[in-house]
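Participant: Start from the sequences and build out the full structure, keeping to the hints where you can.
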Amino acid sequence: MEIEFQLVHEAIAERVSPPPPGAHGAWLEFRGIVRSEEAGQKISALEYEAYPEMAKREIRRLLEEISSRHPCLAAKVIHRVGIIPVGETAIYVGLAASHRTEAIALLADFMDRLKLDVPIWKRRALPVEDKSRKNHVPLAPSVSPPGGERVAARSGEGKFPAKTSMVSLDEALAGIQSHCRLLPAVRAVFEECPGRVLRETICASEDFPDGDRSTRDGYAMLQRDESETFQVVDTLHAADWKPRELKTGETVRVATGASLPCDNLQVVMQEHIERTGDQIKILRRESATNVRRRGEEMRAGEAVLQPGVRLGAGALALLASVGCTRPLVGPRLHVCHFTTGDEIVSPDRKPRRGQIRDSNSILIRILLQKFSCDVEQARLPEDFELAKSAIRNRQSAIDNADVLLVSGGASVGDKDFTRPLLEWLGFEIVFSRVNLRPGAPLIFGIHGKSSVPANQPVGSLTPAGRIRVAFGLPGNPLSHFVCFHLFVAAALVRLTGGELPTFRRGTLVAKLEDGPNSRATLWPARLQAAGLQPLAWASSGDVTCLAETNALIHVPANSGPLAPGAEVDFLPITIE
Amino acid sequence: MRVLFFAQLKDATGCDSIELAPPVSWNTQQLWAELLQKFPGLAAHRANVRLSRNWEYAAADAQFSKEDEVALIPPVSGG
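Taken in order, these protein sequences are the chains called A and B.
Numbered by our numbering, the letters in the first sequence go through residues 1 to 576 in order.
Numbered by our numbering, the letters in the second sequence go through residues 577 to 655 in order.
Hints were generated in silico from the structure; no laboratory data involved.
Certain hints may be false.
[Unchecked claim] Just the calculated beta-carbon pair ranges, DEER-fashion:
| # | chain 1 | residue 1 | chain 2 | residue 2 | range |
| --- | --- | --- | --- | --- | --- |
| 1 | A | A547 | B | K614 | 47 to 55 angstroms |
| 2 | B | Q605 | A | T507 | 27 to 35 angstroms |
| 3 | B | Q605 | A | N400 | 52 to 60 angstroms |
Even for Gly, the Cβ is constructed at its ideal location relative to N, Cα and C.
Facilitator: This is the structure:
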């Protein structure tokens, strides 16, 4: 039975080709369509997710099982995942059987079983009523919807309507993860690799070492050759390859790293030898053979690097040694970073009263280095109309960007225009406040047609409209630091591959002086051998603690001061 | 051992997967004990969740070892 199964992110084709003519007299096609209502609510789309490897196996298993009752000759199953608008196909099933009765019974059975066993889920329904909020209503009743703790908009406070939907830290991360899809991998030369994530398994091309090699300067002879004296029959340097069988009483002079002439040899260090002409005598016998055996380090075909590794000097050295000069890696991301705020001056200028030097640009630029990004940075005027025209002048940078970051302007003050700006650029705002300090007014948006399918082949992306995700970062440096490591880093990892930042458990070495706070806090800290030293910070504008911060402690809401010795979750941060 | 979470279990745990390190292997009870300790929020879902081991539904007496990919499968709703 020919079984074809695909999970796709894009629309399923109007016509799916049937199998070539054969024993089947019936080819039955079925399409499951997204209805306009879910649980009594009008919806605009459903979001599906799947466990791909297992779904594939389950579908095969089901078809084989059902086929014992109603013989199936061929099957094509295509399930779409991601956001599927109302009216579009969620599942396509095509089944071939000898006759129509078998095909119909087969389809009914298959669909019933699929709905019981195949790991695919309706994740959320996207409601239609309130277009301004774009909140997703989870289908699982046990979870409160993001935006449930919505902060009431205060009228007249801002020039722009304050559509502030507050989400928790976990909801924010889940939102980012569900909207950022893996971009297609590319092949890259070594120079382009640092910071990128490996997307294929690398196997050893041959045995390493490729034959027995000496680890000493000395003399090689047969193992367990008890001769009194040995005849030196040859001299081997590191690059020599001169195979020969050694007889009892024969030896070859070898350099460190030299390939030994045959198997089952040992090497005696030259320090333990007395040489007279072509004769040597062993002064001291060792138990060590001083030989690196063939394949001791890697066997030909053995997997030596797994996908997901972020490539650094060591990993690249390994790739070089197995001859993999163009590994398959995550794409280089294009990031467009705008800073806003008329109070910001360049770091090389002396700020007037009321102004501050721009520290965010260098912060973002350096933080992005780790992720191998092209970064384009620019200042935006603090006026919506002027900012729009400044952006029009940089249209090509925006068109090329995968990620758009806007620093400042994320609150709901008079001049805080990040949200309307992102909406003007065509982003849908997923959330605009996180119940977290520092960093509460964080905006996360996705471009309308931006969820790039994970299985999209390389080269099929059109250059226009490439922006996929956007963050409006609160202007303060400490907020920037926290939001980058928590949220932006998670998005970058989801787009390019690799390990998501994860919290670890640690112990406080000093008191964490916090009053009870209704928000969860990410507290700057110094991770030392003994544990975590909380650092002093007064407001999200603090920049003094940043130089030392190499960990962020998660202080849950309403937990108040924490005593030395308390166990906490923290996010480790690599200081470049 | 990699443990994957899907659908509403991502909301319950706040992540899509974790790494666990069983000493040798765990049976179903031991694995659940470990998971519930890490994510008490999973308790509400336990009755409806099936476990998979290496992309197949796991039998009740399954042993889960270090190299396994395990997934928590909440009630499915494909199609």
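Participant: All hints are to be evaluated individually against the structure, with a verdict given for each.
Facilitator: To see whether the hints hold, each was checked on the structure:
Evaluation of the 47 to 55 angstroms hint for A:A547 and B:K614 yields a failure: the beta carbon distance comes to about 34 angstroms. In this structure the supplied range 27 to 35 angstroms holds for B:Q605 paired with A:T507, their Cβ-Cβ distance being about 30 angstroms. At roughly 53 angstroms, the beta carbons of B:Q605 and A:N400 sit within the given window of 52 to 60 angstroms.
Checked against the numbered hints given earlier, the structure breaks only hint 1 and satisfies all the rest.
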